[in-house]
Amino acid sequence: MKYRVQHNTEFDYGLPVIAAQQVLRLKPREMPGRQSLLKHSMSLSSPGTEIRESNDYFGNAVHEVRLHSRHETLAIQSECEVDVTSGDEILLDLSPSWDSVAGMLALPHTPELWHAAQFCFPSPHVDVSAAAEFAAQFAHPGTPLLRLALDINSYIHREFKYTGGVTDVYTEVGNVLNNRMGVCQDFAHVAIAALRALGLAARYVSGYILSQTDEDLPTLIGAEASHAWIAVFCPEFGWVDFDPTNDQITSDQHITLGWGRDYADVAPTRGSILGGGQQSLNVEVRVRRIQN
Amino acid sequence: MTTQNGWLSDYQVPADAWDELGRGSPAPHWARILDYFARDGELSDAPQPEHLRAEMLVRDLDVERPTRLDPLPFVIDSGEWQQLENGLTQRATLLNHIIADLYGRRTLLSPAGLPPALVFGNPRYLLPMVGSQPRADTYLNLVAFDVGRSADGQWRVLADWTEAPEGLGMCLENRVLSGQALPEIFQQANTQRLAAFYRGFAQHLSGRALEIIADGITVTLSPGPDHPSYFEHAYLGQYFGFPVVEGADLTVRGDTLQLKTLEGLKPVGSVIRHTAGHLCDQLYLRADTRDGVPGLANISRSGAVHIANALGAGVLENDAFMSFLPGLAQTLLGQDLILPSLATWWCGQAEEAAYVEAHAQSLHVGPAFARPELFAGRIESYSQAASFDAPAPFQQVGRELIRASHTPYINGDGKLAAGPTVLRLFVGMTDAGYCLMPGGIARVQTPDGEIAKDIWVSADAVTQVPSVAGSVAATGARRRSDRDLPSRTADDLFWLGRYLERCEGAIRTYRCLLSHITEGSTEDQLLVLQTVGQLLVDLDMLSPAQARQLARVDAEQILARQWWSMLFNPESSDGLFRLLDNIHRLASQVRERLSGDAWRMFKRLSETPHEQRWRLNNVSEALQLMDQFIERLSGLNGQIQENMTRSYGWRLLELGRRLERGQFGLTVLDALVQQASSSTYLYLLLDLSDSTITYRARYQSTPVLENLLHLLLLDDSNPRSMVYQIQRLQRVMADMPLEQQQEGLSDAQRILLVAYHELLLSEPEKLANVISKAGNRTQLRRVLTRLGNTLSSLSEQVTETYFAHTDSERRL
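Chains as they are written, first to last, in my numbering: chain A, 1 to 292; chain B, 1 to 812.
Isolated chain A, as found in the complex (with noise of 0.2 Å):
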């Protein structure tokens, strides 16, 4: 499936801003086999701004932006074509069970659980105590990994509310977990927690999905505007993405960005600016698919 993401950020400072630095992840991954990218392009209102494309650690595409002259507003555009393949389907039940994936992910014993087990511990968004509890409902012993993290994913559709405007990105797994709203982000996190206090794998997608209604299609939540999921790693499976928010395991409707441990690593747009008053942020994302 191929689509169109147009995906504007402006940010109107109020006051003028002296200087101003941003870091952007907003350029599609190659994903062997399941993703890959057609065209990507990204210009700034502003002149005179210095870009620097670089890889991060995780292997996403980043975009440092630094403006040195004065402006008080600056508009992002970054426009990308990708083709999205859907995997196989997954025979969740085949999958090994999570407590014998939690055994090796302690001693791993290979170079891929290895670099999987670095997604097992706590990160700055990811408070994996506050979960435990939490998570301890779903641990049966034998249940096969991805069967449980589904069982969570579908928890957290089912018992969670979507609500905007609730939390913020500083907001702590603890409170989504008492309140039981939030927005993608905070599913994202709480799934990962509740994965990571099991002493599993879990990373943090970011990525857009369809926001076209088609007549077969139903809307999902999250378009029109960046979306975020899971992904948990599963021996002979590799890293299998979820969307807690909508309550499935993904196909060729998830476009990925980037991933890392939680939202800290992999935030469409982070920055930092000198002066400025009073300001507002307007982000805007189209996903529409295209034809062949």
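Since the hints were made in silico from the structure, they are not lab data. For each residue, glycine too, the CB sits at the ideal point set by N, CA and C. What you were told as hints is all true, and nothing was included just to trick you.
Listed below are the simulated DMTMM-like cross-link pairs for lysine to aspartate or glutamate, each with C-alpha atoms no more than 25 Å apart in a straight line:
#, chain 1, residue 1, chain 2, residue 2
1, A, Lys27, B, Asp255
2, B, Lys266, A, Glu50
3, B, Lys415, B, Asp10
4, B, Lys266, A, Glu64
5, B, Lys415, B, Glu450
6, B, Lys415, B, Asp16
Covered, in the sense of this in silico footprint (three residues per stretch, anywhere, with C-beta under 8 Å from a C-beta of chain A), are these stretches of chain B:
#, stretch
7, 108-118
8, 251-260
Using the hints provided, position chain B relative to the given structure of chain A.
Chain B in isolation, oriented as in the chain A frame:
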């Protein structure tokens, strides 16, 4: 102890602890020191510098730490020191290798290497720093070790400090004090000097800076005056000659780090950081930091700036790694670890976790990846069992208990007593590799709290830091130049100058008000009180309601009751309290630019109201307080004028003062000029302008407005006159860095030149006597307004030209 010396009678070392003095009779190196203190079998009082013990320590370094320096040093035999030196330099090398691997080749991050939880469960392992490779693979430039001796006489490393070790400043100060206290014995003992170590450490860093970028400077990065160790940062920065900067003073441009200085951007090659690594970059590391430099992580990873210690070096600052060190010494260095560590059991491994559980009663169990701050960790914690409830086993570590060796110290009764002792020692990178500083801090546990001792090492058997004389020529030229004055510091100095002057003006006005209150309550006086009260309102020193209260017949009673809250109300957004607070804050921020004397005077100034709080019962005592303020301010101003180099720092203070004095003069003239026909007001004007004596000397008559205007506006020999301020401003501006780069006059110079000529051309006679039908002195008003405009546009110009980059940074 079985010695005939009575003064050793209180000296008791428990049987299960090692005695540093040597059981039986003192070892020779101790005996030499003790003999010096002993006289006729008693502890002599002659060499005991009582006054040094408590007060001097808090003189320059207001940091949290052991507050008392024991006059008796910790002396160590040179052979033993050699062992420590071999062990600790090896350990520093090993720690550096581990960090180099964790952030570089990552061979330890594999199935054959370390457990993942030890690295990825460690919040100080900073993923964005992976791939960084500093010059010569030096990730650690300075490592501190806590070292203790167990009962078997074996030295053990109790803690490694790799993030941003503190204590170098304290060592220096302890040395100065103990050297002063015991000059003869210090010489006799042939004590190894510290200076070569500090020089070697600093030269290595400034050498790196120059390798990295032409004219690259070295800076000291501090989280700022709110940090408990800020004074140490400032003290060391001053000692090394490295400007003390905060995150907002630095900026990343292209592939370089730049310091925003008064002269524009200057390249930075090396950074000594006192800020924790994860707080150093709001773009790539923790987003919610206020102390970082956006983009620093990225350019330091590429080697475009050398950071001491490298960002992420804190990964080894914990107890969890300790038990892995012997194995890692074999893997990475092919050597046995010379100095053993305290035995630890990290619960991220099943066997160790089981051991800790089984032996919880006889272990100190604590967090695996966190430590109490540098001097907060208590010595007795090494000998006392403790428990800790970690969320997960890998976040927990158990360590063996040891009884630290005991050292003699002089207790409050002047007797020799013994207390458990831990040494803090420092290994620094120099051009000749890692060197152990020949000294350090010995911390001794006493019943009255912790005390510190200077560590003395005899010079004979210690490897000298190789002479660095050869490289002095190269780096000597890089002496700290005034040109590296960070813009923010410049801004602070400018405002410090303004506030000092504003304070003086306010105090003079208060004094004037108070003296009129005591003079009685004629109608004339009440009018004066009203006018002065209004002036204080204009100066933001009183609220309008307070001013009205003071212009009443019973003002004296009101003031006697309420003078404190009126003058020094801490809740009020204006008034003296806030002003003094600002002065103290700014002075702390520019602490490294001030002499010790000046700093103490600033402290005394801000303490003045607190000292006097309960002593003042009436107006005349309040008046005395104002006199005291004026004295302290004058002392401070004298200190600045007489003892401060005519650097940019001084110029900025001067700029601020002259601007403020000009504005104060204008405010006073403006407030009083309406009533200027009455001689009462003319006296008031002279009083507030501190020009009464000058006027009498000049005119020998009752005040006449025309003469007075000449004196206050045009007399260039009167240091309070407007023309005097303008001339001083012209002189200072002519020497400011960016003014000279332009052709002809800068905007600021132009503004001042116009004002100067307008002033010269004005005629006091007309200013005084041209009165409109409405009763206004129109010409005078115009001159005052134009002067006011001049001063405010000059202030804007200076701010725009020199401090534009100092706005606080915000995250998005």
